[in-house]
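Trainee: This is what each chain is made of:
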Amino acid sequence: MKNNENLNRDDDLISLKRVRDGNIDVFEEVVVRHQKKMFNISYRMIGDHNDAAEVVQDAFVSAYRNLNKFEGRSSLSTWLCSIVVNLSRNKIKQVKTRLGREGVSLDDPVDTGDGEVKREVSSNAPSVLEKMEKHETGQKVWGCIDALAADFREVIVLRDMQGFSYYEIASMLEIAQGTVKSRLYRARDAVKDCLKKVLEAVK
Amino acid sequence: MSCVNIKENLSAYIDNELPPEERTEMDVHLALCQECSLYLEELRNTITAAGKIEDVEPPAWLTQKVMARVSDEPGVKKGILQKLFFPLHIKLPIEAFATIAVAVTALLVFRAVQPEIERTKMPSEMLQQESDLMEDRPAEVAASSSGANDIQERQRTMSPVLMKEEQKTSDDFYRPDEAEPKTRSEVFKLKSAPAKKQDKAVLTFAVSIFRSDLGRAISEIEEIVKELEAEIVRVESFETNTVFTVKLDSARLFVLHKRLIPAGGRLAEGSIETEDLHGDVEVEIEVLINH
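For the record, the sequence lines run as chains X and E.
Throughout the first sequence, residue numbering follows the numbering used here, covering 1 to 203 in sequence.
Throughout the second sequence, residue numbering follows the numbering used here, covering 1 to 291 in sequence.
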């Protein structure tokens with residue numbers, strides 16, 4: 001796995017150099033190589049295909065504009081995904097504001113800084129448990145992750161679904177590694193408890 | 001046994017993110033504490049389950065859309081041709097390039113037809129000749145990749161479009177089957193004697209570029225042609241090279257040569273001594289593709 005990563009890293013650096021030298025076409029290689037990871041992060045953070053697609057496009061354009069700012073200290077993947085995380089966060093806030101204007105969203109995460117881990121769900125809405133009974137295990141797990149507040153969902157997506165290291169996550173989210181560690185613990189703990197309930201409810 | 005602080009470290013322990021001393025402490029604790037071992041197990045399962053969630057596929061159009069937006073960005077020197085292309089997002093392999101080249105040729109020829117009806121052949125005849133020439137080279141065409149066949153098809157499908165533009169000057173409709181092959185003007189044949197009264201210079205410039213820079217080379221040649229008030233008379237596209245036939249005033253040959261040098265050009269055939277030449281001459285610019 002690591003060998004693969006090193007090779008990809010070299011490919012990225014070569015592609016970038018050629019783009020900087022004026023060859024736009026090569027940028028397409030970069031897009032093809034990284035879009036899946038970026039799209040998955042965005043989609044899992046935002047929850048909407050179209051919004052995620054838009055964010056990924058914006059991220060690539062932003063990267064293209066700021067290529068000279070990428071110094072190669074981190075991998076290109078980390079850099080691109082940082083941009084995606086930031087833009088996804090913005091999009092989430094946008095959507096929230098839009099929903100706020102249109103009406104109450106039942107699924108609004110309760111973001112009291114580092115407080116609530118779970119979203120509060122109105123009693124009229126089908127509970128997370130009820131929704132999940134119909135789906136398979138994989139979707140049940142996702143349901144539990146999706147129920148997390150954005151900050152906690154972020155770290156699960158980046159670590160457990162996309163495999164970034166604590167160090168990389170810390171730099172992407174601009175938080176201390178200690179914060180990554182504790183946030184990840186609390187998020188995983190919450191998902192574990194949620195899963196337990198779901199799997200028991202199915203019995 | 002203090003398990004309160006242990007759990008948070010367990011999460012990092014699973015990730016191999018504990019510093020060595022803490023890791024050793026954890027190993028010891030786990031050996032002795034069943035509750036924490038159980039918790040470790042549950043946590044591991046949760047993480048594994050999360051990791052098993054399948055990736056979703058990005059939409060198929062995403063790459064094209066990104067490239068379309070990126071091509072509108074400033075920063076890289078682009079010619080008109082690339083800007084024309086990217087909204088459609090076709091890459092610039094030779095085959096696709098030929099389509100545009102023919103369109104550019106058609107427009108330039110159209111402009112030339114007005115003032116120079118006597119000297120320029122009717123567009124229908126020129127198209128006929130192009131297709132005749134294509135037929136003349138079955139070996140080359142057959143030998144090249146299927147991309148070249150696309151060139152032929154595209155050139156044929158282009159002709160109705162071209163003809164619409166030329167209706168103002170000609171009532172002839174180009175029908176490939178019906179058009180009579182007129183006396184082929186040697187002006188349009190490569191490396192042959194001219195039909196015009198003045199001398200045709202058999203000059204070939206060779207420009208050697210890399211495949212990925214084809215778009216840039218095209219735009220540079222286009223600019224040079226504009227600068228020198230020249231005309232692109234025809235363009236022929238092959239597997240390994242593309243040939244522009246350019247008509248310009250012989251007095252400008254030196255400048256053309258000079259301008260092609262930074263693009264990697266050199267004079268391959270013929271001489272640019274202008275004493276023997278007057279008026280317009282025709283020059284071939286051959287763009288060689290390296291990989």
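Honestly, the hints are just simulated from the structure, not real lab data.
Here a beta-carbon is modelled for each residue, glycine too, at the ideal position from N, C-alpha and C.
Please note that a few of the clues may not be correct.
[As the list claims (entries may be wrong)] In the EDC-like style, the derived pairs of lysine to aspartate or glutamate whose C-alpha atoms are separated by at most 20 angstroms in a straight line are:
1) E/K65 with X/E28
2) E/K65 with X/D193
3) E/K7 with X/D48
[Said to hold, decoys possible] If we take Cβ atoms under 10 angstroms as the criterion, some of the chain X residues that face chain E in the derived model are:
4) D10
5) L13
6) K37
7) F70
8) Y185
Trainee: Hint by hint, note whether the structure agrees.
Mentor: Each hint tested on the structure:
The hinted pair formed by E/K65 and X/E28 meets the criterion: a straight-line CA distance of about 11 angstroms does not exceed 20 angstroms. A distance of roughly 42 angstroms separates the Cα atoms of E/K65 and X/D193; the hinted pair therefore is violated under the 20 angstroms criterion. For a cut-off of 20 angstroms, the pair hint linking E/K7 to X/D48 is broken: about 34 angstroms separates their Cα positions. Interface restraint check for X/D10: the shortest CB-CB distance to chain E comes to about 18 angstroms, outside 10 angstroms, so the restraint is violated.
With a least beta-carbon distance of about 17 angstroms to chain E, the hint placing X/L13 at the interface is violated under the 10 angstroms criterion. Contact between X/K37 and chain E, as hinted, is supported at the beta carbon level, the nearest pair being about 8 angstroms apart and thus within 10 angstroms. Annotation: X/F70 was flagged as interfacial toward chain E, and the flag is violated, the nearest CB pair being 14 angstroms apart, outside 10 angstroms. Proximity of X/Y185 to chain E holds as hinted, the smallest CB-CB distance being about 4 angstroms (cut-off 10 angstroms).
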